Amino acid sequence: MNHQQFETWILQGPDLTKEQQRELHLHLKGCSQCQGFYQAVHQLDHLFKTAPETTPAPNFSTRWMARIEHQERHRNRWIIGITLSVIILATILLFSLIGLELNSALGYFPQMMLELISFIANSMIFLNQITNILSPLVRVGTKYLSPLWIYATTFGLSAITAIWIITSLRPKRFQKELNS
Amino acid sequence: MCSTEAQWIAEAKTGDKEAFSNLVEKYQRPVYSVCYRMLGTPTAAEDAAQEAFIRAYKALDRYDPERSFATWLLSIASNYSIDQLRKRKITILSMDSEKHAWLAPPDPGPSPEKAALEREKQALVQRILAELSETDRAAIVLQYWHDYSYEEIAETLDLSTSAVKSRLFRARRLLAEKWQEIQAASTPTVKPAGKRIAHESPTI
Chain U
11 MNHQQFETWI LQGPDLTKEQ QRELHLHLKG CSQCQGFYQA VHQLDHLFKT APETTPAPNF
71 STRWMARIEH QERHRNRWII GITLSVIILA TILLFSLIGL ELNSALGYFP QMMLELISFI
131 ANSMIFLNQI TNILSPLVRV GTKYLSPLWI YATTFGLSAI TAIWIITSLR PKRFQKELNS
Chain Z
219 MCSTEAQWIA EAKTGDKEAF SNLVEKYQRP VYSVCYRMLG TPTAAEDAAQ EAFIRAYKAL
279 DRYDPERSFA TWLLSIASNY SIDQLRKRKI TILSMDSEKH AWLAPPDPGP SPEKAALERE
339 KQALVQRILA ELSETDRAAI VLQYWHDYSY EEIAETLDLS TSAVKSRLFR ARRLLAEKWQ
399 EIQAASTPTV KPAGKRIAHE SPTI
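Those protein sequences? They're chains U and Z, same order as listed. For what it's worth, the working numbering labels the leading residue of the first sequence as 11, then goes sequentially. For what it's worth, the working numbering labels the leading residue of the second sequence as 219, then goes sequentially.
Derived from the structure by calculation, the hints contain no laboratory data. It is possible that some hints are incorrect.
[Stated by the list, open to error] Simulated crosslink set (BS3-like; lysine-lysine; CA at most 30 Å straight-line): (1) Z:K383 / Z:K339; (2) Z:K305 / Z:K276; (3) Z:K305 / Z:K396; (4) Z:K383 / U:K59; (5) U:K39 / Z:K231; (6) Z:K339 / U:K59; (7) U:K39 / U:K59; (8) Z:K244 / Z:K231; (9) U:K59 / Z:K396; (10) Z:K244 / U:K59; (11) Z:K332 / U:K59; (12) Z:K383 / U:K28; (13) U:K28 / U:K59.
Remember, predicted model here, so these are calculated numbers, not experimental data.
Put together the whole structure using the sequences plus the hints.
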């Protein structure tokens with residue numbers, strides 16, 4: 011006898027066809043084991059369906075409100091904490107970088123000052139030499155040259171001076187050291 | 219879904235906690251019931267139900283109004299309870315059942331005797347449910363205490379309908395066997411403890 015089939019039918023319950031129900035009914039009359047199983051299934055169904063209803067303690071929604079507000083406060087504090095930590099870390103990092111840059115620039119400071127002094131001295135010497143050359147020319151030229159030639163010469167010399175100043179503003183040796 | 223409920227949901231989506239607390243008020247019993255049947259103690263059930271509502275509130279933007287709100291809410295509650303069971307390895311029948319018995323149903327009966335009987339019945343139900351795996355237990359709870367159809371259980375637990383049917387079939391057989399064992403143990407002289415295994419396999 012295939013008890014497994016009847017067990018399946020017992021568990022299927024109301025989904026059985028009339029014919030299956032009749033067959034099961036006949037089997038249960040003659041099989042105490044299947045009848046035991048049948049009773050167990052039905053007693054269990056009854057137990058579950060008549061189990062007392064469970065309800066939460068009063069003021070459940072008030073407690074829910076308090077809980078979510080507490081969680082939100084906690085989350086906000088956490089966000090503020092994280093934001094402040096990031097700002098503080100970023101500030102520390104920025105100041106560290108500035109400090110490092112200043113430290114490396116300080117190494118070149120005496121050299122920078124020497125370059126500046128050298129540039130000023132060269133400029134003074136150049137201006138002095140120009141004055142020495144131009145003074146007699148101006149004195150003679152004003153007598154024999156037309157004003158147009160004097161203006162052209164002055165403009166040309168000024169252009170040459172400007173080019174010299176521009177090129178001397180970029181000291182090659184200092185640039186090389188910085189690059190290295 | 220009634221229009222008031224839809225309005226509460228719409229308001230809660232804008233961050234109105236008061237509106238959502240109306241939904242909490244309305245659905246606290248089914249959500250708590252699922253959590254209680256799953257976790258077995260009032261304290262764990264309260265905690266899980268509260269957390270399920272919080273999760274629902276936070277995930278409200280993802281709620282599809284085409285679905286039943288109750289089904290969606292119970293799916294959050296049952297999945298959270300399943301996770302809790304897996305995490306904590308809660309044994310439903312524990313000393314907790316006795317310890318928190320005063321918290322269980324607030325006032326189940328007029329007499330202390332009836333209350334004691336109901337507590338005993340409650341403990342028995344939880345003891346039997348503890349035999350099942352987390353997902354099987356959720357399926358049984360939804361079927362017996364919430365009258366969910368196979369399709370609704372499948373939707374709630376994110377399973378296929380055939381998987382739900384097979385899980386429920388297996389779970390009910392296991393529970394019936396357990397129940398027979400309990401009955402046999404309580405009345406040893408009436409009938410022998412009929413082990414199903416001997417009965418199930420006549421062809422072997």
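Structure-based check of each hint:
In summary, the hint linking K383 (chain Z) to K339 (chain Z) is supported, as the alpha carbons are separated by about 27 Å, within the 30 Å threshold. In summary, the hint linking K305 (chain Z) to K276 (chain Z) is supported, as the alpha carbons are separated by about 22 Å, within the 30 Å threshold. Between K305 (chain Z) and K396 (chain Z) the CA atoms are separated by roughly 25 Å; this keeps the pair inside 30 Å, and the hint holds. About 19 Å separates the Cα atoms of K383 (chain Z) and K59 (chain U), which keeps this hinted pair within 30 Å; it holds.
Using a Cα cut-off of 30 Å, the hinted pair K39 (chain U) and K231 (chain Z) is violated, with the two alpha carbons roughly 60 Å apart. Straight-line distance between C-alpha atoms of K339 (chain Z) and K59 (chain U) comes to about 11 Å, which keeps the hinted pair within the 30 Å bound. For a cut-off of 30 Å, the pair hint linking K39 (chain U) to K59 (chain U) stands: about 26 Å separates their Cα positions. Of the supplied pair hints, the one linking K244 (chain Z) and K231 (chain Z) holds, its CA atoms being roughly 17 Å apart against a limit of 30 Å.
Among the hinted pairs, K59 (chain U) with K396 (chain Z) is consistent with the structure: their alpha-carbon atoms are about 17 Å apart, no more than 30 Å. Taken as a hint, the K244 (chain Z) and K59 (chain U) pair is honoured in the structure, with Cα atoms around 22 Å apart against an allowance of 30 Å. In summary, the hint linking K332 (chain Z) to K59 (chain U) is supported, as the alpha carbons are separated by about 17 Å, within the 30 Å threshold. Using a Cα cut-off of 30 Å, the hinted pair K383 (chain Z) and K28 (chain U) holds, with the two alpha carbons roughly 21 Å apart.
In summary, the hint linking K28 (chain U) to K59 (chain U) is supported, as the alpha carbons are separated by about 25 Å, within the 30 Å threshold.
The earlier numbered hint that this structure contradicts is number 5, and it is the only one.
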